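**Student:** Chain by chain, the residues:
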Amino acid sequence: MSAFLFYPLAACALAGALGVVLARNPVRSALSLVVTLFFLAVFYVFLQAHLVAALQIIVYAGAVMVLFLFVITLLNLESDSGVRERPALAAAGFLAGAVVAILLAKGLLDSTVPDARGVTLGETFGTTKVLARQLFSEYLVAFELTSILLLVAVVGAVVLAKRTVEEGERDEARTMAAAEAETEAAHRVIAAHEAAHDHLDHGHAPHSGPGHVHAPAGGHH
Amino acid sequence: MIGTSHYLALSALLFAIGAVGVVVRRNVIIIFMSVELMLNAANLAFVAGANSLGTMGGQSIVFFVMTVAAAEAAVGLAVILALFRNRQTVSADEIALLRG
Amino acid sequence: MDWVIGGIKSLAVLFMVLNVSAFLLWIERKGSALIQNRIGANRANLLGVMPFNLGFVNTLMADPLKLFTKEDFVPDKADRLVHSLAPFLSLFPAVITFAAIPFGDTIEIGGRVIELQAVSLDVGVLYISAMVSMGVYGVVLSGWASNNRWALLGSIRGSAQMISYELAMGISIVSMILLYGTLDLQEMVRAQGGLLFGFLPAWGVFYQPIAFIILLVAGIAESKRVPFDLPEAESELIAGYYTEYSGGKQAAFMLSDFAEIVMVSGLVTTLFFGGWQVPYLGKEGSGSPIELGSLLLTVLQLGAFTIKVLFFCWLQILVRWTVPRFRYDQLMSLGWKAMMPIALVNMFLTALVILLVEQSR
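Protein chains in written order, with this note's numbering: chain A, 1 to 221; chain B, 1 to 100; chain C, 1 to 361.
To be clear, the hints were calculated from the coordinates, so they are not data collected in a lab.
According to the in silico footprint, chain B covers these stretches of chain A (three or more CB under 8 angstroms from chain B):
#1 10-16
#2 44-58
#3 128-142
Source: prediction; values computed, not measured. Heads up, the beta-carbon is just placed ideally off N, CA and C, and yes, glycines get one too.
This is chain A alone, in the form it adopts within the complex (with noise of 0.2 angstroms):
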């Protein structure tokens, strides 16, 4: 694969993860992940794995990611002040992790790793047969235990996230509060304006009929 696709597409991918990570509002770090995903699946395509760059859209891109919009658009999350909470704990985070980087990315490229040219991939390498094949000889107890695994997140999932009868009953009580102090609220408003009218018409008590508006609970005025 040619110097001319690579360069630009991993500088985009780093600018992915790097907006993840400095991002403030956690709507826009989910969507720097999802361009970052889209990246990494185009390199998975140049790395002859067709199957596992079609995975990571369907699963990752698609399903996880939307996940995380999900809570975090029901959390009604704000944006928070980022890495600017905490200068200096930030200042030391990104210094040791860009020696990290740097460390290893120097290592790795000066390293004497095999391409691609060494070996010559078939053309069923990276298909769905092959991969599929292996993944039910080679590796059966694995594809079984992360069916396992999977149902028992899909159970565990749903117990820890679902509402126990007293939390439900307690958001109820809260949310029916809240209405009922509104209409209060709505209430008052509308006996100040009535007050304020009968006051600018001639000054005398006010009259009897719609001009009398008591909350219906309590009475109190």
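With chain A's structure known, arrange chains B and C on it following the hints.
**Tutor:** For chains B and C alone, kept in the frame of chain A given last:
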């Protein structure tokens, strides 16, 4: 000429960025996303290795890593939801109950 | 040279999808008028040129012009970038899915064999499934970015509906993968070329009628059309998740709605109705009842593909104006408690039958 070492270097950089994200950010969900970034960096290294060695083992492992990461994301986000319901916060600084 | 050919094919497919989507808008307006026993839009006229007015100018010129010249605003405390991005995140996957759908057999120009498919992927079906999964983002982000409580509710409902019906779609697609033994769409269409029982064309629908019905219904639910359009609910909730959108961005949402109709039609045609295969017609030397020369055959196959896709687009529009909409809990229980189990059972039965047939061979 772009060889496997370039892909591995890219994977290392992504991993380092993810690690910095875990350490520096306080929002639990963004920490989680940085962990996913690290997992993806590892996946890239595996696929590059599979390409270089000509075996499919690397891609099978990526399959499993993806599955496990999806399961972990589901359970982890459920935990965060439950945590938010109890503490009304997702800042790692304020979820400090176990601090002795 | 490969790049040039690929580029031309992609542009042709893009052109076709966008044009058919726009054309469907007109069919929807006039078709709904026909079904509801009224006339429909027929007022706008270009300088009195048209003697009878079929509403072309109204739908295809006046409406888009109005939409694009409207004020384009972003709500007060909303995230500008995400608000502007969401409609196009919704439009992009709907349009790009068609890249993997084959619209003809190979043609030979100047000694070079060209596949009539914008991109020849060996994982074509998975690519379509992936792009369908990406469609959820537009919905989730549009509601969140509007800074509007009810738009958020609409978008959460809409995205929950989409991911639920994605499952049923995926499982019925898997049944077809089991049947044809390949993920490549062009191979699947080629495999539907023979005859079944001597007189029926060997289309997928005759092998898997249940999977066809599930895919069609799940596809309609995926594009959030009636009867599954409670997240949008024109007559009830203003516009659900795209309430706070006007002008060009709303046009993008509308266009993505119609592009998804075309996408579902294309998918159903390719998997279940033989794609570009014309029944009883084949290449010279292939043993079909009628054999034709290459160029005439290609033209007929292109025509067959177009007719089939348009038929399913028309069918979806007909369903929209005939059936009342589901309530949200009915919708979700249909998706999880009815369609997914049926699709699963169908898949297992298919696998069982294929296993028995292979063993008895």
